[in-house]
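Trainee: Listed here are the chains, written in short residue letters.
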Amino acid sequence: MSARVFEVFRRERAGAPMQHAGSLVAPDARFAEIYAREQYGRRGESDALWLVPREAVDQVDGFVDEFDLKYRRVDGYSIKERLKEARERAGTTPAHAG
Amino acid sequence: MDTRTAEFLEHVQSGGLVEAGDWMPDEYRARLLKFVEMHANSELMGILPERDWILRAPTLQRKLALTAKIQDEAGHAQLLYRIVEDLGKPREAALDDLVAGRSKFHNVFHYPTRSWGDVGVIAWLVDAAAIISQKALLKCSYAPYARIMRKICWEESFHILHGRDVVLTLVTGTPEQRALVQEALDRWWEPLMMFHGNPIPADEDPMIGWRIKSQANEDARQQFLEGYVPQVWELGLTLPDPKLRRLDDGTWSYTEPDWEKLMAVVSGNGPASEERIAFRRLSRADVDWVARTVLAEAA
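So the sequences go chain by chain: R and E.
Once you know that position 47 of the first sequence is 47 in the working numbering, the rest is easy, because the numbers rise by one and skip nothing.
Here the working numbering = 1-based position in the second sequence + 98.
Worth double-checking, as some hints may not be accurate.
So the derived list for chain E, only partly shown, Cβ under 8 Å to chain R, looks like this [to be verified]:
1. HIS109
2. GLY173
3. ARG180
4. GLU183
5. LEU185
6. ARG245
7. VAL327
8. VAL392
9. LEU393
10. ALA396
With a straight-line Cα cutoff of 20 Å, these simulated SDA-like cross-link-like pairs (lysine to any residue) come out [as the list claims (entries may be wrong)]:
11. LYS187/E - VAL25/R
12. LYS249/E - ARG10/R
13. LYS187/E - SER2/R
Derived CB-CB ranges, DEER-like [to be verified]:
14. ALA166/E - LYS70/R: 49 to 55 Å
15. LEU69/R - PRO297/E: 48 to 54 Å
16. ASP65/R - ALA166/E: 30 to 36 Å
17. TRP50/R - ILE152/E: 30 to 36 Å
I should point out that these hints are in silico values taken from the structure, not numbers from a laboratory.
Idealized CB from N, CA, C, for every residue including glycine.
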């Protein structure tokens with residue numbers, strides 16, 4: 001006699017991503033569906049749900065930027081000073097405002 | 099305080115969030131669990147005063163709306179007991195403690211409902227007071243609770259409107275209907291003023307220290323007074339407190355509630371405490387066979 005935890009993911013509308021919404025406890029998948037419809041969809045707030053037994057979820061975390069790979073991101077580039085210098089050498093004014 | 103606890107405290111105080119599987123100090127877990135359990139209990143017990151009026155609702159529309167509100171509250175209790183379970187306390191233990199009087203629920207659910215006027219006042223003002231606390235909980239350091247609060251607040255906003263609609267119908271009705279609202283308001287004002295708890299300075303409140311709560315009790319009450327007293331007065335209704343007025347600095351003065359009385363009420367000595375707990379105990383025993391059957395079938 002035991003119940004399982006199901007993680008609930010919901011989609012607000014077709015085309016939107018599935019997002020984690022919470023969890024529920026149910027004796028089996030049939031009851032999980034009934035509870036999920038009531039707790040996560042009865043106000044029309046969801047277009048679809050995914051029910052996943054908690055033990056089926058493998059969490060992966062710990063993303064450490066050990067090598068400071070900021071050249072892969074926009075905040076890895078600072079061009080303001082050099083752009084100013086380039087314009088001065090060329091004797092031009094900014095092509096775009098701001 | 100050990101280093102790990104100090105680091106955790108620093109993390110939550112600087113806006114960091116905590117997930118269910120994360121390490122947390124025992125004190126944080128214990129305080130959070132007790133708080134969410136009381137919230138869950140309150141949703142469950144909050145059904146009972148309104149349940150009495152489903153069969154006596156004045157119109158079919160009102161009956162349907164009240165039933166929907168009650169269904170929402172049962173749903174909130176389900177979501178909140180899930181949080182409690184993930185913090186380490188099985189739902190069965192929480193329900194056992196509730197019917198044994200070992201855990202608490204909000205003061206306002208320890209009072210009887212005497213007329214349909216009560217239904218309007220509860221749905222409008224009790225829910226308004228509750229949503230102020232609940233909105234502040236959106237910033238709770240425990241992320242699973244904060245996420246569930248988003249869903250709960252979304253549903254609560256309909257409850258307040260429903261309550262206001264009931265009150266507006268009564269105050270625009272016959273003198274007897276108007277008197278029902280006024281009489282209900284006179285009885286509910288004291289519990290409403292107690293609802294947010296006694297004033298504890300924010301820097302002395304461990305619940306704020308752990309960032310489980312982010313709003314001091316008195317701030318919540320002031321927000322309630324500022325938001326709702328003018329709305330009550332504009333309907334020509336009165337509130338039974340001669341000291342109630344807005345001061346020049348924008349805060350409200352009021353007669354200090356009897357905080358010992360509040361403690362007695364939430365400890366199970368309110369006018370309807372015994373009856374409500376007894377009813378919950380009865381319903382629990384009544385549906386026990388359902389739980390046993392579905393679990394046996396699933397096994």
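Trainee: Against each hint, give a clear statement of whether it holds in the structure.
Mentor: Results of checking the hints against the structure:
About 16 Å separates the beta-carbon of HIS109/E from the nearest beta-carbon of chain R, more than 8 Å, and the hint is not met. Using the Cβ-Cβ criterion of 8 Å, the hint placing GLY173/E at the interface with chain R is satisfied: the shortest such distance is roughly 5 Å. With a least beta-carbon distance of about 5 Å to chain R, the hint placing ARG180/E at the interface is held under the 8 Å criterion. Satisfaction of the interface hint for GLU183/E is found here, the shortest Cβ-Cβ separation to chain R being roughly 7 Å, below the 8 Å cut-off.
Proximity of LEU185/E to chain R is violated relative to the hint, the smallest CB-CB distance being about 13 Å (cut-off 8 Å). With 8 Å as the threshold, the beta carbon of ARG245/E comes within range of chain R, its nearest partner Cβ sitting at about 7 Å, so the hint holds. Nearest Cβ of chain R to the Cβ of VAL327/E: about 31 Å, over the 8 Å cut. The hint is violated. The beta carbon of VAL392/E is positioned within 8 Å of a beta carbon in chain R (closest approach about 5 Å), and the interface hint is therefore held.
Annotation: LEU393/E was flagged as interfacial toward chain R, and the flag holds, the nearest CB pair being 4 Å apart, inside 8 Å. Given the 8 Å rule on beta carbons, the hint for ALA396/E holds: about 3 Å separates it from the nearest Cβ of chain R. Taking the CA atoms of LYS187/E and VAL25/R, the gap is about 14 Å. The hint holds against a cut of 20 Å. For the suggested pair LYS249/E and ARG10/R, the alpha carbons sit about 12 Å apart, so the restraint of at most 20 Å is met.
A C-alpha spacing of about 15 Å is found between LYS187/E and SER2/R, which places the hinted pair at or below 20 Å, so the restraint holds. Checked against the hint of 49 to 55 Å, the pair ALA166/E and LYS70/R passes, with Cβ atoms roughly 52 Å apart. The hinted window of 48 to 54 Å between LEU69/R and PRO297/E holds, with their beta carbons roughly 51 Å apart. The hinted range of 30 to 36 Å is not satisfied by ASP65/R and ALA166/E, whose Cβ atoms lie roughly 49 Å apart.
Separated by about 34 Å at the C-beta atoms, TRP50/R and ILE152/E satisfy the suggested range of 30 to 36 Å.
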